[in-house]
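Peer 1: Each chain, written out:
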Amino acid sequence: MTLGEKRILPLGELAEGAQARVLQVQGGQAFRGRVATLGFTLGAPLRLLQNAGRGPVIVLIRGTRVALGRGEALKVLVAPEESGDATPQQ
Amino acid sequence: MQPPSSEGRTVTVALAGQPNVGKSTVFNLLTGLSQHVGNWPGKTIERKVGVHHHRRDGESCAMRIVDLPGTYSLTANSPEEQIARDYVIRERPDAVAVIADAASLERNLYLLAEFLFLPVPVVLGLNMTDVAERQEIRISPRILEAALGVPVVPMTATKNQGVGELVAAVDRVIRGAIAYHPSRPAIREDHRAVLEEIRTLIAGQVPDPYPDEWVALKLLEGDAEITRLMRERMQERWEPVRAVLTRHEDALLAVASGRYEWIGRIVRAAVTRPRAGQITLTDRLDRVATHPFWGLFVLLGVLGVVFWLTYNVGAPLQALLDKHLVQAGAHWLRDVLVGAPWWLVGVLADGAVAGAGMVITFLPILIVFFAVLGLLEDVGYMARAAFVMDRFMHVLGLHGRSFLPLFLGFGCNVPAVLGTRIIDAPRARLLTILLTPLVPCTARMAVLAVLAPIFFGSAAPWVSWGLVGLSLVVLALLGLVLRRGVLGGESLVFVMEIPLYHLPNVRTIALGVWQRTLAFLKKAGGTILVVSIVVWALSTLPAGEMDTSYLATLGRVLAPLGAWMGLEWRMLVALLSSFVAKENTIATLAILYRAAGEEGGLAGALAGAWTPAAALAFLAVQMLFIPCAATVAVIRQETGSWGWTVFSVALLAAISFSAGIAIFQGAALLGIGG
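Chains W and C are the protein sequences, given in the same order.
Residue 49 in the numbering used here sits at position 49 of the first sequence, with consecutive numbering throughout.
Residue 215 in the numbering used here sits at position 215 of the second sequence, with consecutive numbering throughout.
It should be emphasised that the hints constitute simulated quantities derived from the structure, not laboratory data.
These numbers come from a predicted model, not from an experiment.
Yeah, the Cβ is synthetic: ideal placement off N, Cα and C, and Gly gets one too.
Among the hints, erroneous ones may be present.
Said to hold, decoys possible - Sample of chain C residues at the chain W side, in silico, Cβ under 7 angstroms: (1) 107; (2) 250; (3) 253; (4) 391; (5) 464; (6) 493; (7) 496; (8) 579.
Produce the complete structure using the sequences and hints provided.
Peer 2: Shown next as structure tokens:
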């Protein structure tokens, strides 16, 4: 694992197949509550299964596939990881 | 029936679980046809209750099972969540059985973690163990049980495995035959002090059925309902609590993270997973089904099959029922009532039979739609359809989940309105219901197909397409206006679980069809019957002739309004009579233009009487007009509000008349037969 500047990206800009960890969820209380329930909590590892560049995305998080609208996917900030790094291994 | 058990009391068990965990399969297995389906008080959400009989020591015991709405958590983010937790806290069932999907245990344990704070014992039903095994996920129920402190029962409900064991475990917990000491997740360490602070501040202030610690947690989570409850109760003492909460707005994440950390520890101990990177059947299917381009073709194919079934199975059955049941019934009634006053014969043979006939002939199409919807939902395709259509639905101010119900409207508006149940957000659901009547149903298209050629000859297909296009443009515009105006411009959040594909369960689908059909008959059936009798009376009384009827009088009164659209009173009456069923338009025109019985007479009479501009205006109004009585009845049933129902009817009347005026006046300006 390389130390250095941690890149921060909105989930919607992550490439298809890439792995990352959740850094922050923006937006209203209701939205943050809803995605936190589904497992989008600090440091949670995820893999972006589908991102066509427009329209909604599909994320694999905590063993569940979750679809997020494009707007919603931009509110979730993540730190991308080299592939293999984000498999749950804490 | 066995006498009640020696304890003399029927226990109540609440069945809880997240969506897509097979909870309804479990509920159906337990209760079968003893289910009673209603609504939760004051809500339009289904409430299912049933009774399960099991044997203990050779004695039959009854267990009342209450099916809670499927929810991901117990924070009052949605009406479902509020219902689930209010029920458990206020009604205090004897136990809660939480059903979890073994293949995505982490997320499922989140809901369980919430239940552990409530003062009702919990049993965990670990469902879909077969799916988990196929994915090489191995779970040790004993370790899980030890870590959670609640009984854990592995099961595969689709194969009827483990359900009896679940009932036995629930029964033992209720009788106190097993000690119940649940472990509970702690809040993340950095927020422990805050939680303590809140607990101290609210000590002695928490109203009765609510547990103190739970209320403190919900306050930190920003739960709107509990916050309001405590603010109203604490009055001026609320201020310090509010101050603490404002300082810790991020506490929500700490609570959720704390739960997930606790879950993570348990899952690491009890579950072995295969290496990551394994490609499942779901991954393979989704490469096509959720692909932004190919996914549209899959959806098109699925919808093609739905409509093929409707026309090739539903419609012929509908015709058969109409001929052999409805018309035969009317005939029979007339024979029986020979010698009775004409109005009595009319009320029964024309009004009541026509109304009942409407209800009955709706059934084949509804059953086909319900079955197909149930199948798509059960297999897991529904979420994919919503996903693929999401980007297009944003144009209307809606998201993907609204697509399927709206699309069903092309077949018939009634199942479309009923189908809006798959939309999770109440506002999005209401908006979809309001837009549905603008989707041209087959009955409207039939009227269009009969009338357009009379006036427009070879241009009729273009006129028809234009009018369908007009309906959809109006729908899109109305979507934008209502979203910003009536619904407060709140943007709709699209967050949706994409479940794994699985084989459909026939029993679940069949019971769903049965319940929805029954609900339609019970709730909408009566309304439709009454409306058709009333419209019959209006179109016949006082003298038994449509020309002199009350409806005709109303048509004449409205004539000045009609003149703006180029419509004479007969055309207005035809529109009004279409309220019972859209097909009535043609029959009414035939009677009023005295063309019935003459070969090709209607076409000749109408072509002579209407200018093309008036005809175009009439067809446009017909397409956009208030929906049929059956649709109005289900709008009332699904919104649970007369206010929204009346709003919908008034809105569509206004829109259709405005369109009629614009088209007629526009055509006149352009000099087209004005």
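Peer 1: Hints first: check each against the structure and report whether it holds.
Peer 2: Okay, the hints, checked on the actual structure:
no., hint, result
1, 107, "holds, 5 angstroms"
2, 250, "violated, 9 angstroms"
3, 253, "holds, 6 angstroms"
4, 391, "holds, 4 angstroms"
5, 464, "violated, 32 angstroms"
6, 493, "holds, 6 angstroms"
7, 496, "holds, 5 angstroms"
8, 579, "violated, 38 angstroms"
The structure is inconsistent with the numbered hints 2, 5 and 8, although it conforms to all the rest.
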